[in-house]
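A.B. asks: For reference, the chains in residue letters:
2 protein chains.
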Amino acid sequence: MNAEIIAIGSEMLTPTRVDTNSLWLTDQLNKLGVEVVSKTIVGDDRERLTATLSASISRSDIILITGGLGPTEDDLTRECVATATGRCMSFRPELLQAIADRFASMKKSMAENNRRQAYLIDGADALDNPNGTAPGQFLELGGPKAIVLLPGPPREMKPMYANHIEPRLKAMLPPLFIASVWYRVAGMGESDLDQLIAPVYTKYPHVVTTVLAKPGDVEVHLRARAATQNAADAELAAVAPKIRELLGERVYSEDGATLEASVGRMLKSRGATLGVAESCTGGMLGERITAVPGSSAYFKGGFLTYSNEMKTTLLGVPAELIAEHTEVSEPVAKAMAEGARERIGCTWALSVTGYAGPDGGTEANPVGTVFIGLAGPEGTQARRFFTIPDRHRVRTIASTTALDWLRKSLS
Amino acid sequence: MNAEIIAIGSEMLTPTRVDTNSLWLTDQLNKLGVEVVSKTIVGDDRERLTATLSASISRSDIILITGGLGPTEDDLTRECVATATGRCMSFRPELLQAIADRFASMKKSMAENNRRQAYLIDGADALDNPNGTAPGQFLELGGPKAIVLLPGPPREMKPMYANHIEPRLKAMLPPLFIASVWYRVAGMGESDLDQLIAPVYTKYPHVVTTVLAKPGDVEVHLRARAATQNAADAELAAVAPKIRELLGERVYSEDGATLEASVGRMLKSRGATLGVAESCTGGMLGERITAVPGSSAYFKGGFLTYSNEMKTTLLGVPAELIAEHTEVSEPVAKAMAEGARERIGCTWALSVTGYAGPDGGTEANPVGTVFIGLAGPEGTQARRFFTIPDRHRVRTIASTTALDWLRKSLS
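Note that the protein sequences, when read in sequence, are chains A and B.
Each residue of the first sequence is one higher than the one before, starting from 2 at the first, in the numbering used here.
Each residue of the second sequence is one higher than the one before, starting from 2 at the first, in the numbering used here.
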């Protein structure tokens, strides 16, 4: 079965408001094996809202609607769902009594317009809301199909979903089991990766394959769903090893761990330590390494040498070496890594020096050129790479490339 | 005129993915006086996508579509918009050439499937994409009505909107003038700030006031819209100075500049230089300072001293001082800042040492405690602060607090 989520309210259509309810509900539905196929945010406009609801109801199995259950004229969800399903609403004295009781318990007086919240769509179950005034509504139609009206405030919506909606949806759904794996890969672009693995995954349409990309970092998610766990596992097993083989040593994690966490695990298990010497990344490499809780077990420290003078003073890179080769060069990257390894006394040291832009660069090494150095127990190496000259992208890919090189050296 | 925004891609329907493009586009459209009446996210499903597009095109004036312009089989936007508008697509050799040139400039080979990106909907203008392979498309229909196809990655989408879409939409719309200002503030929570300024801005409902919060950093945006620039300026002038006065010296920029850019400008104008010594932030402070283009004019370098040993070896913090006071203490923060200032030879040095968690901390200084040191021409000081113990939040607020302290010292 599939689901749509509709958030109602003009205040949800401002430049700063994020519909966090739909993210939380998506997670809940995915756990039941229900895929969210569409999300909509629509303002408080009767005609537009009714049209949106009618279209959703006609094409999807589960419609979760949040918001628009308040007492004001702008709160149109109840009426528009009734119109879209061709049903009437009835006034329910017991619902009004519950609202009145809630106001009384807060020692507030109930306004006349709260009466609007006591109307129930014919055939729907009213859902108790201990955290607010608006009752929810659950309407099951043949098909089976479910239309759910939930209040907008997360602190009212979430308990109502957990206590009333999830049990009802579970009863409607066939038992469903999920098998999934995700491969995270560094050093490969999204389209190159897709071209590599598409010939395989397109042959297995029952396994949902998602490719998610960030600069220098791609995640491939495979998910199989079936009526038994064995069947889901078997579906996944038919395709996952083939994808895994194609990706080869590029895969740095299979459990969602970040590159920095994966490298951290490897260092820790080997009892090895790490230091850094950063120029163009200015701290990003250290920041990423130490974003991992417990990284003090293997990360000792580093040097930010943003000027040539600092490369010489702090890391001992000879001024003549910089004068001869420029600061963005293989010899300087090597000398930075060696200087850091020696001063920190760590097993491995990574260095980064490059032109992040927008200014700088030479004809031979334009903006986007980065040299990475790696000093370790068996010596020091450096390598050059080039990426499109966007400052944030250059720095992100530089730190990713450095970490991934260390990972491969540790494997 | 009104607008709808449609984001396309199954990856946008996961529990963690926020459609930030639509927030940015809403802001841009609001500046043109266009209201967003609906936002939709729909997966890579031909039938559902075509139905969604058809409905939107039939009821709204401007349809902005992001995503689904890539080279893979899943990228259906071009085809589905063509179907929904009853138009054909044509292969355009000049578009393929532009894509091929882009690959060549990156010294990469173009894949065969990139050919899909060279199809243009009949009647549409192709929009140049200097930041990616997918050209955008702008289709104007009678009404007037505009259908816009934009790439999904924000770094491709935003310049394309600014350079190609905004001028075209402006030509379609009645003239509207805007006056706006934004005050960025560090060191104050969102609700405290709102409580301070709400009594003023609620009196001026024609000026749209938006409060945006990130950890340790709040932005107040005021915007007036009118049929002439003079009228918009006058509306803004009635309220902005009152808000500015209430915020006082907490305001670090009035033009949208980040805290690190504001501090950078101040350092540069004074001919002063900066260095850092980071423990719990692990490089985040340096990373933020150097995220600003041209920061090499004032940022010299720094030390990442993640272990106590490194604090002693690299910065000269006496081991006895650490033993006596612990590494998260005022004397150690001071000694770190002084050690960095001396070794780097900079005008100012900032240090950060704290418990970012989840482990660590003492009874007196639990996780969330951070000491910041500032060494400058007139001596060294340190201060303590405490925030809720979330690793990323502690590190972010620590780097913000350090930068804001330097800003105040420079004012």
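Think of the hints as simulated: they come from the structure by calculation, not from any bench.
It is possible that some hints are incorrect.
Pairs count within a copy or across copies, as identical chains cannot be separated in the list.
Under the rule of at most 20 Å between Cα atoms (straight-line distance), these lysine to any residue pairs were calculated in the SDA-like manner [stated by the list, open to error]:
no. : residue 1 : residue 2
1   : K215      : S192
2   : K108      : P390
3   : K146      : R88
4   : K215      : D195
5   : K159      : V19
6   : K108      : P378
7   : K215      : A292
8   : K204      : T314
9   : K109      : T388
10  : K108      : L213
11  : K32       : V209
12  : K409      : S55
13  : K215      : V19
14  : K146      : V252
15  : K215      : E12
16  : K215      : T17
17  : K215      : T21
18  : K108      : T402
19  : K204      : M173
20  : K409      : D195
21  : K32       : P160
A.B. asks: For each hint, tell me whether it holds in the structure or not.
C.D. replies: Hint check results:
no. : hint          : in the structure
1   : K215 <-> S192 : within (12 Å within a copy, 33 Å between copies)
2   : K108 <-> P390 : between (46 Å within a copy, 13 Å between copies)
3   : K146 <-> R88  : within (15 Å within a copy, 35 Å between copies)
4   : K215 <-> D195 : within (14 Å within a copy, 35 Å between copies)
5   : K159 <-> V19  : both (16 Å within a copy, 19 Å between copies)
6   : K108 <-> P378 : neither (49 Å within a copy, 34 Å between copies)
7   : K215 <-> A292 : both (18 Å within a copy, 18 Å between copies)
8   : K204 <-> T314 : neither (58 Å within a copy, 58 Å between copies)
9   : K109 <-> T388 : between (47 Å within a copy, 11 Å between copies)
10  : K108 <-> L213 : neither (41 Å within a copy, 24 Å between copies)
11  : K32 <-> V209  : within (11 Å within a copy, 40 Å between copies)
12  : K409 <-> S55  : neither (54 Å within a copy, 49 Å between copies)
13  : K215 <-> V19  : both (16 Å within a copy, 13 Å between copies)
14  : K146 <-> V252 : neither (41 Å within a copy, 47 Å between copies)
15  : K215 <-> E12  : between (25 Å within a copy, 12 Å between copies)
16  : K215 <-> T17  : both (18 Å within a copy, 12 Å between copies)
17  : K215 <-> T21  : both (15 Å within a copy, 15 Å between copies)
18  : K108 <-> T402 : between (43 Å within a copy, 18 Å between copies)
19  : K204 <-> M173 : neither (31 Å within a copy, 47 Å between copies)
20  : K409 <-> D195 : neither (22 Å within a copy, 50 Å between copies)
21  : K32 <-> P160  : within (16 Å within a copy, 38 Å between copies)
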